[in-house]
Amino acid sequence: MSDTMLTKAVPAALGASLRIPQTERSEPVLLFEQVSKWYGPVIGVNQVTLELRGGITGLVGANGAGKSSLLRLATGQLRPDLGVVTVRGIDAFDWRAKRLVGYCPDNDVFYEEMSGYQFVETMARLCGFTKRDARRRTDAVIELVGMEGRCDRKIRGYSKGMRQRIKLAQALLNDPALLVLDEPMSGIDPIGRQDFVELFTSLARAGKCLLISSHELEELDKLTDHVAIMARGRIAAVGTVMQIRDLLDNHPLAVRIDLPEPRSLASHLLDFPDVVGLDLHDAASAEEPGGLVVRARNPRKFLRDLGRLVVEENLDVRRLESLDDSTQAILGYLLGGR
Amino acid sequence: MTSTDSPRSAPVLLTYRPWRGTLGGPLRGTWAIARVSLFLLLRRKLFWALYGVSAMIFLLFFYGQYLQSWLQTQIQDEPIRLGSGVVGATVKPVELVKMLKTILRLDGSGYTFRNFFNYQSQIIMIVLALAGAILIGNDFRFGSLPFYLSKPLHRWHYLGGKFIAVGAFINLMTTLPAIVLFAEYGMIDTWEYYTDNAHLLLGIVAYGAILTTTLGLLLLATATWLRRTVPMIMVWTALFAFARMLGDLMVLSLRLDHRWRLIDLWNDLYIVGNWCLGMDHSTLRPQPQPAPWQAGLVLVAVCLTSAIYLNRRIQAVEVA
Chain U
1 MSDTMLTKAV
11 PAALGASLRI
21 PQTERSEPVL
31 LFEQVSKWYG
41 PVIGVNQVTL
51 ELRGGITGLV
61 GANGAGKSSL
71 LRLATGQLRP
81 DLGVVTVRGI
91 DAFDWRAKRL
101 VGYCPDNDVF
111 YEEMSGYQFV
121 ETMARLCGFT
131 KRDARRRTDA
141 VIELVGMEGR
151 CDRKIRGYSK
161 GMRQRIKLAQ
171 ALLNDPALLV
181 LDEPMSGIDP
191 IGRQDFVELF
201 TSLARAGKCL
211 LISSHELEEL
221 DKLTDHVAIM
231 ARGRIAAVGT
241 VMQIRDLLDN
251 HPLAVRIDLP
261 EPRSLASHLL
271 DFPDVVGLDL
281 HDAASAEEPG
291 GLVVRARNPR
301 KFLRDLGRLV
311 VEENLDVRRL
321 ESLDDSTQAI
331 LGYLLGGR
Chain Y
1 MTSTDSPRSA
11 PVLLTYRPWR
21 GTLGGPLRGT
31 WAIARVSLFL
41 LLRRKLFWAL
51 YGVSAMIFLL
61 FFYGQYLQSW
71 LQTQIQDEPI
81 RLGSGVVGAT
91 VKPVELVKML
101 KTILRLDGSG
111 YTFRNFFNYQ
121 SQIIMIVLAL
131 AGAILIGNDF
141 RFGSLPFYLS
151 KPLHRWHYLG
161 GKFIAVGAFI
171 NLMTTLPAIV
181 LFAEYGMIDT
191 WEYYTDNAHL
201 LLGIVAYGAI
211 LTTTLGLLLL
221 ATATWLRRTV
231 PMIMVWTALF
241 AFARMLGDLM
251 VLSLRLDHRW
261 RLIDLWNDLY
271 IVGNWCLGMD
281 HSTLRPQPQP
291 APWQAGLVLV
301 AVCLTSAIYL
311 NRRIQAVEVA
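Taken in sequence, the protein lines are chains U and Y.
The working numbering puts the first residue of the first sequence at 1, with every later residue one more than the last.
The working numbering puts the first residue of the second sequence at 1, with every later residue one more than the last.
Next comes chain U alone, as it looks inside the complex:
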């Protein structure tokens, strides 16, 4: 997804709020400038600076890290105690900014007596649509989330997945430039997840900016490799997964390489300055070649050097797999294994 993303999220340092200098359009879709939010004596969001201009950004972090507070600040539900949150240059707390925002909250408490259609139509009226336009728009988004034919039942009888779809439908009503989704995959069956992944991808390609908070890191990995990691109210890191991984010097990248003669490769790799460790696995059978797991700092340089070596030595590499550059692994490293 990084090709569709306008945000060039180059983290300057880990463990600090990050400003991402930019770029192609002058006004970011979402901008946090030194934003802090307290709940009494507890700090929820701590001096966060963040700039999003398009594409999909995953927001990950442990429970209580401040993800929901950040999303609520972005959607104008909370007012920051310090700093400014703007959507296309308008204060996020202002109702005009909310015209540009679609929000799908994590809780699914509706008016249970209403049908899904009635609920979405009511939300359309709240957006400022006329009665006729509200119906048209409701039909469009209901169809988009795959609820046509099922939306006339009362919400009381909906499954978790249907509720998620209705929530997503109401978030899409005003054709928002910024779509903020809090745990959108929760409770969705595998087919529905695939549908959602496709929909989010398509929306990003259509120029929307999506900020998605999720505990489902595997699903998030399918959606985007651009993440913002939160810890203790701060943005611990932001950027593509690989960019963040590069900065984790004290956690060398582990790469598994399968080939028939691993010892030969191992002898070459020991000359690489970035390699800090090797585990050899000899071949168990003819079908299962041996291999080695290499731990290396400076992953980009290492992988470049490795590629050159493979070509020069004409090595028969059967498999090359990075073992810990997933969002899950990086989150684990950044949050100290939690």
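Don't take each hint at face value.
Simulated coverage check for chain U against chain Y, where a stretch passes if three residues somewhere in it have a Cβ under 8 angstroms from a Cβ of chain Y [what the hints assert, rightly or not]: (1) 41-49; (2) 98-107; (3) 114-128.
From the derived model, a few chain Y residues whose C-beta atoms are all more than 10 angstroms from chain U [stated by the list, open to error]: (4) Trp19; (5) Gly29; (6) Leu40; (7) Thr90; (8) Phe142; (9) Leu149; (10) Ala291.
Derived from the structure by calculation, the hints contain no laboratory data.
Since the model is a prediction, treat every value here as computed from it, not as a measurement.
C-beta atoms are modelled at their ideal positions from N, C-alpha and C, and glycine is treated no differently.
Given the coordinates of chain U, work out where chain Y should sit on it, guided by the hints.
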């Protein structure tokens, strides 16, 4: 949504149609909130029992006025023998009608409308005490507020929508039927009734406006504060029932100053409503009663306190 068998490599938004029109302002959203809130009030079966009682009160006044007027045109001067033998009695029709008039006051006067408002207000109090949590409290308690506040609305628009719903409900129960009674009496009496009693029409509207403002703001404030039905009922009972008992106790039993009755909010509304309808202050029972301006000051204080509280809540409360 794209179907699952669509090509994975090139997902296309086949059905997505971006909005190209212009959205209305937040006031349109306020109306939507008001409509949904009224819908919630009309959905509860328990409330329909109360609406039934309210409808019966209205019909009693509506047909009572007509009956009384009809009787006046039908009676003659001769006494009528009712019953027979020892249980029989002779009554003079003129005196019977006079007695009915004195007791029921179904004569299109200020008494009629004051009594009507008083009876209907009791139903309104009960419905609002029960409905406060449904209208507003549940939005806070169960977290449905994010749906509202993520839309292009300010918090004041949200509260405005709720206030309009409460106001519409109160006026549907009081002002509108009172105006119907006013119009009806003019038709069964003479056309001069309308011109001679135009001040009554203004009084009805003013009484309705006072009820709407006071009860609407009080309901919003207490519902955002308490959120649950049982505490709401307890507080409203304290405000409108215990305060009355306490006021009576202080003035009648402890012989304290009659201004202690001002703690009774219901009585304050009644006094101000009586003044709006142009009724003599001495017709209020029990006597003595605080002056209308004193009751009015209390209502203004209640409204201001509620508005200030709401303003603070709006600034401070955040969707948690």
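These are the hints, each one checked on the structure:
1. 41-49: It is violated, with 0 qualifying residues against the three required.
2. 98-107: holds (count 7)
3. 114-128: holds (count 6)
4. Trp19: 4 angstroms, violated
5. Gly29: 4 angstroms, violated
6. Leu40: 7 angstroms, violated
7. Thr90: 59 angstroms, holds
8. Phe142: The assertion about phenylalanine 142/Y is violated, with a minimum of 4 angstroms to chain U.
9. Leu149: Leucine 149/Y not clear of chain U: closest Cβ-Cβ about 5 angstroms, inside 10 angstroms.
10. Ala291: 44 angstroms, holds
Hints 1, 4, 5, 6, 8 and 9 from the earlier list are contradicted by this structure; the remaining hints agree with it.
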